[in-house]
Amino acid sequence: MRKHSVGVLLLFASAALAPATRAQSGGQLHFCLHGEPKTFNPILVDDEASEHIRYLTGGVLIRLNRQSQALEASLATSWEISRDRKTITFHLRKGVRFSDGTPFTSEDVAYTMNQLMDPQTHSPTGDAFRSGEGTVDVNTPTPDVVAITFPAPIAGLDRLFDQVAIMSAQSPRKEMAVLGPFFVAEYKAGSYVLLQKNPNYWKHDAQGKPLPYLDSIRLDIQRNRDIELVRFRKGELQMINRLDAEQFDRLKHDDPAVTHNAGTGLDAEQLWFNQVPAAPLPENKKAWFRSAKFRRAISAAINRDDMCRIVYGGYAKPAYGPVSPANHFWFNAALESPKHDTKAALALLTQAGFKYANETLKDAAGNRVEFNLVTNSGNASREKMAAMIQQDLAEIGIKVNVVTLDFPSLIERMTRTFDYDACLLGLVNTDLDPDSQMTVWLSSGENHQWNPNQKTPATAWEAEIDKLMREQASAVTDDERKVKFDRVQHIVAEQQPFIYLINKDVLLAVSPAVVGAAPVVLSPQAFWNAETLRLSPSAELGAQK
Amino acid sequence: MNPSKLLRISCAVFLCAIFLAGVFAGVVTHYSYAKQFRELPNAAPSSSHLFGTDALGRDLFARVLYGTRISLLLAPAAAVLSTIIAGVLGAFAGLMGRWLEKVVLATADLCMALPLLFVLLALRALLPLDVNPVLSVVATFVFLGLLGWPASLRVVWAASRNLRDSDFLLLARASGCRPSRLIFRHVVPNLRPVLLAQLWISIPLYVLTEATLSMLGLGVMEPLPSWGNLLRGLEDFSVVSANPWRALPLLLLILVVISFQLILPAQEEIQ
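Protein chains in written order, with this note's numbering: chain L, 154 to 698; chain Z, 2 to 272.
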């Protein structure tokens with residue numbers, strides 16, 4: 154018996170070793186971009202397709218490890234931030250060359266920063282660094298040291314450099330000369346982008362073998378997700394970076410080995426009520442929507458577990474706050490997670506002066522509680538969620554009329570006319586740091602959707618959030634910032650200006666032929682470690698779950 | 002009784018049965034079309050849910066019946082409206098010719114050139130959000146009827162133009178027939194097969210157009226069912242392959258469209 158166990162153990166051990174030994178370098182990885190890349194210039198990136206190419210080709214000073222969510226040295230071997238959080242000094246890696254052979258020096262960092270901060274460039278990446286009036290000073294005392302000074306303190310300054318791909322000041326190829334693992338070798342508009350291995354890439358694996366292992370990556374431009382899935386099934390593609398729950402289930406049913414659930418993602422679906430004082434709504438509705446007890450009652454009446462199970466096939470988790478549990482550092486675990494409770498919802502409404510009788514809820518003045526819930530048309534999941542909210546709220550006597558609108562009309566109502574009662578939409582979250590949500594939480598922000606662009610905060614709790622958000626932005630340590638942002642999350646949970654509904658799981662597919670894939674929730678989920686991916690000669694070797 | 006007549010009667014009985022089941026949906030089923038049985042999403046047909054349930058656990062049989070009420074009442078109404086407009090304008094244009102023909106055809110071309118999608122989007126943007134759902138549905142079908150005539154008009158115009166120089170019209174004109182009498186007494190009866198064909202073609206077309214419109218926030222809104230939004234659930238073929246009973250509304254639509262076609266008398270029978 155004992156002998157037998159050892160035999161089984163050895164069998165497992167050899168199976169575990171197999172990928173590393175049998176997988177080989179070289180080959181072409183093949184997957185899809187879901188849109189045309191708008192630019193190959195890393196400082197002008199503003200769309201997902203270009204962002205993916207920047208990630209695969211760009212060399213950065215500091216890299217955010219998508220798995221551990223910690224910052225790691227990359228082209229900079231170390232860095233220091235001054236006490237006033239205005240200056241960051243990088244010590245650069247020596248002997249590094251761009252893909253065209255041009256040497257990498259501090260002059261390249263200075264050139265990149267100047268391009269990035271040039272107002273004429275209109276760089277979306279540069280916007281994150283614009284902390285105040287004044288210019289950015291870049292000092293290059295030696296070829297391997299660079300100090301960058303900003304006019305005002307910047308929260309999470311080092312993290313921002315994960316998005317700054319260094320360009321060459323000397324190379325005649327400019328932005329096409331890169332420091333990342335691959336470079337753009339070929340691009341056919343509307344068809345594909347071919348990335349070739351960068352022969353001058355600085356990184357090596359533990360055995361001293363140069364990275365990346367792959368020879369090339371072919372990114373087909375394919376908007377249609379169903380076609381992408383068919384091509385993946387046929388073996389033409391080796392990964393799909395994001396799948397919806399239905400596609401995932403279908404694929405899992407046929408071939409469970411290729412499907413990967415990386416866990417709860419950062420994106421949330423949420424509902425909010427229009428609290429804009431100038432909105433063309435009846436005064437009684439405005440009074441309901443301004444009542445925190447009304448909003449909390451709505452939140453308690455919605456059955457999030459049913460939504461996760463029915464709409465997302467179980468591939469989602471109930472959401473209660475602005476930060477997903479996937480955001481390890483900033484998530485406030487102390488927040489209470491309210492349960493679906495119709496009785497508690499009715500109790501809150503009674504406290505707020507509403508009366509429930511004959512399966513109908515009326516306010517103190519005798520008006521029936523009824524509102525329109527708008528969402529964008531063509532999104533089947535949201536339409537299902539809206540239908541479920543409709544039934545959940547009918548149980549507490551509220552009549553909800555679901556209206557689907559095309560996206561431009563919806564945006565027009567949300568941002569200009571404010572002619573809507575409640576809105577159901579999703580929030581795409583790509584950045585972990587709360588600073589990226591400034592325009593959402595500051596009462597003056599344009600994405601402060603329930604009442605945007607306020608001159609002065611309309612409520613005391615919004616004023617407190619404003620103060621806390623500003624304080625966290627200027628706090629010295631991340632722990633101090635966390636204390637402030639935890640309080641923001643607490644206020645949001647208490648006031649429910651956004652009623653968070655669910656956080657979707659990150660679902661993707663990776664062919665068994667790809668060795669070394671370790672899908673994560675942060676973008677780019679499937680290929681964040683592209684430099685260490687290999688292709689196995691046989692399909693039975695696959696991604697490690 | 003000859004087989005074609007028997008088939009026609011069977012189709013008429015089938016259509017009447019469907020129509021009555023839709024009108025008396027509340028009697029035929031005790032389920033509400035909106036009630037979600039959340040423990041039973043995508044359930045297979047059973048004694049408690051004859052057609053099974055949809056993705057939210059709503060009884061599909063109840064939804065089909067209530068959907069029939071909307072689609073089978075309003076789509077034919079819109080088809081009748083558009084066919085009447087096409088018939089009258091097409092017959093006049095074909096028969097009278099000259100400037101009237103040019104004006105009518107130019108108007109039809111103009112209407113066909115209108116980007117219907119954007120016109121409908123503009124309409125949705127103009128409508129208040131709290132418009133009554135029933136009113137929204139009726140307005141949508143009226144709008145479809147008012148905008149759907151140009152394609153039929155071309156067909157009717159071509160047919161009436163062929164009649165323009167016929168001997169019987171020449172005789173009618175020679176005997177001093179007024180244009181209106183020419184149209185309604187001589188031309189329209191001869192156009193009947195064309196008009197009926199246009200009418201029957203339009204009905205399923207409007208049912209499907211309604212499905213598209215509900216994606217734009219026009220037409221039938223949740224949780225009100227229509228054949229259009231029931232068919233929308235079949236866009237993803239995997240849903241049908243995993244839950245074949247979800248295709249029952251499609252089967253019903255096919256049977257209804259075929260029945261409409263089969264109860265049409267053949268052209269030689271009309272003549």
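Since the hints were made in silico from the structure, they are not lab data. Please note that a few of the clues may not be correct.
As the list claims (entries may be wrong) - For each label pair, taking beta carbons as the anchor points, the in silico distance ranges come out as:
1) L251/Z - E624/L: 57 to 63 Å
2) A45/Z - K492/L: 52 to 58 Å
3) T568/L - A114/Z: 29 to 35 Å
4) K341/L - R99/Z: 41 to 47 Å
5) Y340/L - L252/Z: 46 to 52 Å
6) A114/Z - D200/L: 55 to 61 Å
7) A140/Z - Y340/L: 47 to 53 Å
8) T213/Z - K327/L: 54 to 60 Å
9) A114/Z - K341/L: 31 to 37 Å
10) P129/Z - S589/L: 33 to 39 Å
11) C17/Z - D200/L: 54 to 60 Å
12) A248/Z - T192/L: 41 to 47 Å
Said to hold, decoys possible - Only some residues are given here: those of chain L computed to face chain Z with a beta carbon under 7 Å:
13) D459
14) I463
15) G466
16) Q544
17) V555
18) V556
19) D559
These numbers come from a predicted model, not from an experiment. Positions of the beta carbon are idealized from the N, C-alpha and C atoms, including for glycine.
Report task. Compare the structure with the hints numbered earlier in the document and write down the numbers of the violated ones, lowest to highest. Result -> 2, 4, 6, 8, 15
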